[in-house]
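Each of the two chains sits in its own frame; use the hints to bring them together as a complex.
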Amino acid sequence: MSDRSCLLQDLADLESEAVATTSETSCRATASKLPAQLIRRQPLRALRLWLRHYRTATSRPRALCAGLRLGHLLVFLIGLISGWSTAAVVLFYDGSAPINILHAIVILALIPLLLSLPFYIGLLIPARQLLDVFKVLTPGRWTLDLWQHLRSRRRSRTPGSYFVIPLPVGQHLAIWWTQLFSLGFAIGSLLELFYQISIFDLAFAWSTTLPISASQFWQITNTLAWPWSWLLPHAVPSAVLIEASQYFRLQNSTTQTANSAVLMTQWWPFLLASIATYSLLPRLLSILIASWRLRRCLQQQLLHSNAAQHLLQLLGSDSISTRSPAAETMPLQREAVDSPIPGVNQLPDSCHQAILINWSAADKFAAKSLEQFRQQRNLAIVGEFAAGGQVTPTQEQQIPSKILALAGDLIWLRVKAWEPPLQEHRHFLLQLRETVGRQMPLLVTLIGLPDSNSRQDRQIWEQVLGKLHDRSMYCQFVIGQIP
Amino acid sequence: MKPPRFAVVGHPNKGKSSIVATLARDNSIQVSPIPGTTVTTRCFPMQVDGETLYELYDTPGFQQARYVLDWLQQHAGSAAERPGILRQFLEKYRDSQSFRDECALLTPIVAGAGILYVVDGSRPYGTEYEAEMEILRWSGQPSMALINSTGAGDYSSQWKDALSQYFRIVRSFNAHEAPLQQHLDLLRAFAELEESWRQPLQLAISYLQQQRQQRLQQSAAAITGQLAAMLSLRLEQVIDEDTDETFVKEALQLRFRNRLHQLEQEGRQFIENLYEHPGLSRHESELSLLNDDLFSEQVWLRFGLTRGQLATASAGAGSIAGAGLDAALGGASMLLWTGVGAVAGAVSGLLLHRHGLEITPQRDPRGEPLFRLGPVSADNFGFVILGRALTHHQFVSHRNHAIRDPLTISQISQPFQVGALSQSQRRQLIRNFRQLRGGKSAKKIPGLLLDLLQAQEA
Numbered sequence: 001m002s003d004r005s006c007l008l009q010d011l012a013d014l015e016s017e018a019v020a021t022t023s024e025t026s027c028r029a030t031a032s033k034l035p036a037q038l039i040r041r042q043p044l045r046a047l048r049l050w051l052r053h054y055r056t057a058t059s060r061p062r063a064l065c066a067g068l069r070l071g072h073l074l075v076f077l078i079g080l081i082s083g084w085s086t087a088a089v090v091l092f093y094d095g096s097a098p099i100n101i102l103h104a105i106v107i108l109a110l111i112p113l114l115l116s117l118p119f120y121i122g123l124l125i126p127a128r129q130l131l132d133v134f135k136v137l138t139p140g141r142w143t144l145d146l147w148q149h150l151r152s153r154r155r156s157r158t159p160g161s162y163f164v165i166p167l168p169v170g171q172h173l174a175i176w177w178t179q180l181f182s183l184g185f186a187i188g189s190l191l192e193l194f195y196q197i198s199i200f201d202l203a204f205a206w207s208t209t210l211p212i213s214a215s216q217f218w219q220i221t222n223t224l225a226w227p228w229s230w231l232l233p234h235a236v237p238s239a240v241l242i243e244a245s246q247y248f249r250l251q252n253s254t255t256q257t258a259n260s261a262v263l264m265t266q267w268w269p270f271l272l273a274s275i276a277t278y279s280l281l282p283r284l285l286s287i288l289i290a291s292w293r294l295r296r297c298l299q300q301q302l303l304h305s306n307a308a309q310h311l312l313q314l315l316g317s318d319s320i321s322t323r324s325p326a327a328e329t330m331p332l333q334r335e336a337v338d339s340p341i342p343g344v345n346q347l348p349d350s351c352h353q354a355i356l357i358n359w360s361a362a363d364k365f366a367a368k369s370l371e372q373f374r375q376q377r378n379l380a381i382v383g384e385f386a387a388g389g390q391v392t393p394t395q396e397q398q399i400p401s402k403i404l405a406l407a408g409d410l411i412w413l414r415v416k417a418w419e420p421p422l423q424e425h426r427h428f429l430l431q432l433r434e435t436v437g438r439q440m441p442l443l444v445t446l447i448g449l450p451d452s453n454s455r456q457d458r459q460i461w462e463q464v465l466g467k468l469h470d471r472s473m474y475c476q477f478v479i480g481q482i483p
Numbered sequence: 001m002k003p004p005r006f007a008v009v010g011h012p013n014k015g016k017s018s019i020v021a022t023l024a025r026d027n028s029i030q031v032s033p034i035p036g037t038t039v040t041t042r043c044f045p046m047q048v049d050g051e052t053l054y055e056l057y058d059t060p061g062f063q064q065a066r067y068v069l070d071w072l073q074q075h076a077g078s079a080a081e082r083p084g085i086l087r088q089f090l091e092k093y094r095d096s097q098s099f100r101d102e103c104a105l106l107t108p109i110v111a112g113a114g115i116l117y118v119v120d121g122s123r124p125y126g127t128e129y130e131a132e133m134e135i136l137r138w139s140g141q142p143s144m145a146l147i148n149s150t151g152a153g154d155y156s157s158q159w160k161d162a163l164s165q166y167f168r169i170v171r172s173f174n175a176h177e178a179p180l181q182q183h184l185d186l187l188r189a190f191a192e193l194e195e196s197w198r199q200p201l202q203l204a205i206s207y208l209q210q211q212r213q214q215r216l217q218q219s220a221a222a223i224t225g226q227l228a229a230m231l232s233l234r235l236e237q238v239i240d241e242d243t244d245e246t247f248v249k250e251a252l253q254l255r256f257r258n259r260l261h262q263l264e265q266e267g268r269q270f271i272e273n274l275y276e277h278p279g280l281s282r283h284e285s286e287l288s289l290l291n292d293d294l295f296s297e298q299v300w301l302r303f304g305l306t307r308g309q310l311a312t313a314s315a316g317a318g319s320i321a322g323a324g325l326d327a328a329l330g331g332a333s334m335l336l337w338t339g340v341g342a343v344a345g346a347v348s349g350l351l352l353h354r355h356g357l358e359i360t361p362q363r364d365p366r367g368e369p370l371f372r373l374g375p376v377s378a379d380n381f382g383f384v385i386l387g388r389a390l391t392h393h394q395f396v397s398h399r400n401h402a403i404r405d406p407l408t409i410s411q412i413s414q415p416f417q418v419g420a421l422s423q424s425q426r427r428q429l430i431r432n433f434r435q436l437r438g439g440k441s442a443k444k445i446p447g448l449l450l451d452l453l454q455a456q457e458a
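Residue numbers (my numbering), protein chains in the order written: chain A, 1 to 483; chain B, 1 to 458.
The following block holds chain B by itself, in its conformation from the complex (with noise of 0.2 Å):
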């Protein structure tokens, strides 16, 4: 059995590649506000291990509707005759150059496929559509109208009152913000057109659902490694008899922090990658939380935490390390490591509130001297790191294939708060964070970085 297909068709330049762009996953595809951009139909199968659960179809808009139909009209006989009448139009201009752009569009639907007509509700109706829409009632095929939004306007009352006259299902669907959920429900409305496409699409949607988690897991793991490979960071430099010391401590500063930069470009790369965004482009003065060094005072007062809550935060920390001594006692040391654990937590929590990074000297095998920096001691750098990562991945999951522009601050609906983390979420990532600065693995971290980003979706 063919798998459904779908045809999205409407007048030039009214968002038909940005919704094929946005369902396909695609950034490929050319989006332009100047008309004509589409200039052949492309299909953009969704196929699960090979094989393919639906298509749809990017075409390029209506130029001569109105002739079209007049064509059509001219040749009709009764209303029946109307979807050969119409195979006849494909096979008089198909080679011609007069009619190309509707011949490109109206062949898939003359082999079956389902219309998705796209309009733009930002701007107002005009008759201009009713020949456009008059043709593809003609085809016979399962048909739905889309209402996309292009601009500041809405006229979407009055393109529901049209559109409903010609198309049983009318939707609204913003291809640059709508979330997962809208095209999946978009998904849940095309199977609603013919019974027979429903079992395939339904099929899809599940498919999409579980590679959306599959990916959050894999975000979780992502951000586990970076935090990891970042907390745990430490540099050493040798100590050359004829060169300053000044110099060497600053070079290996530069060093630490230009490892480090790295370290989380690779994190951001990988969430950009899984979420087919390769090659991202930022808009740097207005990323600059994203972007400003991490140890900025800027950064660290809007990822970290506050000296109180990193003291609250690390006496819990501190006074659950203490209870499993108590406990591993058999409770004979009457709490005692529980409160000892609480007010050493607390007190590193307020010393360690900020960096932390001081250069040690040492040597090495040889006994020749050399300086070491690193790991980062302050408990707040892995809220820092955590909370730009956490940022930076709501800003590229949830980013749609159909925007092109630089990615910006404004595309962020709710950038992660620290402040949002319960109690006990901030002592858990402690202790993590702890492990992970030790070179321990931290097993916890997977997991609870998997709650945050679940709750981002939500």
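Okay, chain A solo, but in the shape it has when bound (with noise of 0.2 Å):
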């Protein structure tokens, strides 16, 4: 019984929110309790042991097993009391009149070997059908919407935690709550008897308006009997029982019975053999291939489950990683710019005499454009030095000092604005300033590409630049061509 509970509830846990969203880390550190070559072998059982790992490492309540160990003794119980009231009511004796065995024996014995027959037929007709057909007549089913239903309400309360019983195993599980109920049946009528008839003096006789004789009952009686005839003599009735305690209820039957109730009380064995056998013996088997099939059945979903099959190749594969194991380091909080750096519409009118700084051969891509606005400007260049590229660091440190014995109003620097500004940039535009001074006005002319990201390069430009809190610096911006 433990083990199928706890199977649904593996199932369960399995399907849980919790374990889907456990990470893979976390899943392959409960795996590695497992023993070696479990997965591969007995990926059932390695699955089952690595949720019992979880549950304990996450301390999960099983609610579902122990709600579903309740359903059981209930169902059980509630069997039990029924076969018990059941008999009850057929052995009433109250001494007046004998009771008819026949009665007995078809409501305790034959009854229930019919109603144990839709199990059988069951193994060959696939359940679901079969249980839509007898739906009425079986607890099973009634005990599944029952308990299927207060779980719905719970779930009302408990968002998230509801697991939906799969369809094959509910229809399982109604068959075999269905045997359960039966068996309990068959356990509180023999137990009823047995309190009966070691309490009370019970006297069985045969009645019937069949016209059927005594003979002809003793065959069908000896037939009931003989799966039991070998083992146990006295419980099958003698010729001379039934002969004596055949009766009619016109005839005062103390008088046709007086000198034979010691034999009338002779039926009990038969009785209780016939329980045994077509109430108890049939449930038994059924309850036991219900619950291999049962058992089957959660162990067929349980590792056919999507979260099995994934958590099983999760645990079977290797442990790829590719990540880095430590965090990036960020980088420090970039400084807001105060103001955006003036357009070249602000450059001084005074401006005509120009140093070119030439960053990286840029002004090959611009030519033109850039000469075009050299006479709009009205500038003369009156001093050209590259930057940048081949230019070496002695070479590109005399540059400023060399600008300072020119005779110039503007120091005009023209850079590719597809390159990213660089620290080389930084310190030589501040080593600029401290030998020319900061008053000289300097021009930054950003050179794009046609097919490049324009807008997001000069972004990028403006803002290392305006952290250097240059006030006579321009910016320009031309879109060049490939040469």
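The hints are simulated quantities; they were obtained by calculation from the structure and are not laboratory data.
Bear in mind that the values here come from a model prediction, so they are computed numbers and not experimental data.
The reader is advised that the hints may include incorrect statements.
[Said to hold, decoys possible] Derived coverage of chain B by chain A (criterion: at least 3 residues anywhere in the stretch with Cβ under 8 Å from a Cβ of chain A; other residues may be distant): (1) 3-17; (2) 23-35; (3) 112-126; (4) 147-159; (5) 215-221.
Built from N, CA and C at the ideal position, the CB exists for glycine as well.
See the structure below:
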């Protein structure tokens, strides 16, 4: 019983959101407690062991397991009480008239036998159709419906923790519960019979409207007693007993049976053996089969559920990691630019003598437009220097002092906008200001490409240049072309 | 033996971190157009069951390459001394702020890492790169150049001419678009750099291929689970005496749709986590096909079969079921059931072309009245769910970790087309959808889906 309940709990836990969201590392850490090779050789056992470790690690409650066990107990008890009560009614005896043995056998042995037949037919026909046909007669189905109903009400209070029992499991569970109820019924009726014969004297007789003679009835009882006749010969009614215990209600039963009162109590072994053989034994067999089928269904569901397949695949596969174990160091908070760098239109009109600095041969990408601009602004080039690119640091470091020697009133730096501003740009501009002073206007022309993300390039440059807080710096952006 | 190590180096802002993010499948790496985003060298080991097969290093870009080269040239004697001089440079400036980025990027190289020099092929070549390449040559380490592309331009031929003078191997690799096969090709190229690196890198390639295959299988299983849950979904709503029936029906329909949406989202989340894209944001407006209501006309037209296709496929599925019966009767029925199955299938396909979602009155175990909704009886519903799941899978499985933009429709090279399914696939799918709808398991579905996912890969 515990194994089935736990299997269902395993299934519920496996499909729970908590397991689904458990990280791969955590899954593997739990799996490391399992014996080696188990996952490959016994996946179901590995899965269940994994779940057990997982539950221990996460202190997960086993509510479903406990609820289901309670359900099993209740179904069995209800069956037991039903069997006891039915037997109590059938075996009611106040001494006024004997108990009709035929009535007792039909109610306590033959009808239970008849009701167990659908189960065996169900082994040949798919269970679902059969359950639908005999829905009214299957207490397991009522129990399942009731349990599902109670669980669905509880779901509204604790959403997210609800596990929907898979349909095949529900079917087998209903069948199993039906067998459990019937087993309880058979045991209950047997217990009541024991109780009655132990405490009271019960007189049995047989009576029927059908034209059956005592010898015919003897044949019937002999046939019914055939299964145990070799083992319990005294539980087979004798011809004398049958002859002596036939009675008719219209006759005075007392006078009819007074001489054979002791004889009439001898029916009980036959009744007991009938209930045990035709009610209890088929149910014992059916509960074993139902139990095996339910367990197999649960195992199949567990093993073939998507969550199980995913978990087994994860645990059975190599742990591949390509990520960095260390967190990334974040760059320092970027300094906000107070105010944008003035555009070329704000360049003082007094600037006419320009000193060119061509960074990494940038001007070849916009030679024509730069020449047009120079002419428009009436700028004369009084000096020209190359920087960046293949220019050595020594040569570059001499540029500021050479500029100082020239009679210029504007420094015109041309750079490629698509290449990002680097530390060497920053160092050069700082050194330039240190040498020529902060007053001389500095025009930085950013040369973009027609097929490049010019807007973004320009923003990046303006952001970096803005951090220099150079009040005499002006910025120009031109779209160049590939020479 | 130490595993192969590779330092991804280059000019700032040329996609070094994008390449590392794609190869390491790590979207936690800061990728930004602003230079200087990467400030330290970070190691990305490729580990299998704790064993490191190779290590990638993401590094800051060169900031003052000419100054470093100038220092090296001033201190160098013969070519044999160059690696030693580089080491001296590191020892001198390691703790200073002067050449912080250069020290960070050169440290793994001096420690024996191979060099992956990254340039941007969408921008023209410039002489400012030559100092960087010269410094790397001084290290004497095995090296290769990667031409990445961050923009629309194409100057890769210029770059190839220049790079081939410094590097034996020059490869193009688009960190944003390269499929897995190109990642693996790149690893194969790494293996060519050094004989001793070949074995661990080949092992790494085979593990990555296995992992991809496993992910496809897991995806197929997950989509099957999603299909089973969505196709068999049935909800009930108890009718209270004082509640209006119309209101109860509307509430039930809303719950039904919400639950379907939730199941679909859970399925997508699983796929995103599987491909290491947790918390993927989506550009809702551009992904309307994936985010529109499951029952919208547009979604059914896009992902479902047409009435004719559905009738044909249903007829096929019905005829197979009928043929089974004929076979069981030993052919005595003269293929009668095959014909009946085909006709019944075709008729059901025509009738159940649209949603087939009806609310039916029922009673609960206590005898109280309730409304029941679902499962959706239309066969096309399975195709709609499947189409959206496969399209989403296509989005996610082909998305490189360098991409930081939200998921957009333009990122799909070939969205799932239901028309691409063969007649036989459609028939099998319809039969399996029906089994799932009835709460049964459909064992063939994962295999069918795996075929479709593998076709997507191809």
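For each hint, the structure was consulted:
1. 3-17: holds (count 3)
2. 23-35: With 10 residues close enough to chain A, the hint holds.
3. 112-126: holds (count 4)
4. 147-159: holds (count 3)
5. 215-221: holds (count 3)
When held up to the earlier numbered hints, the structure conflicts with none and fits them all.
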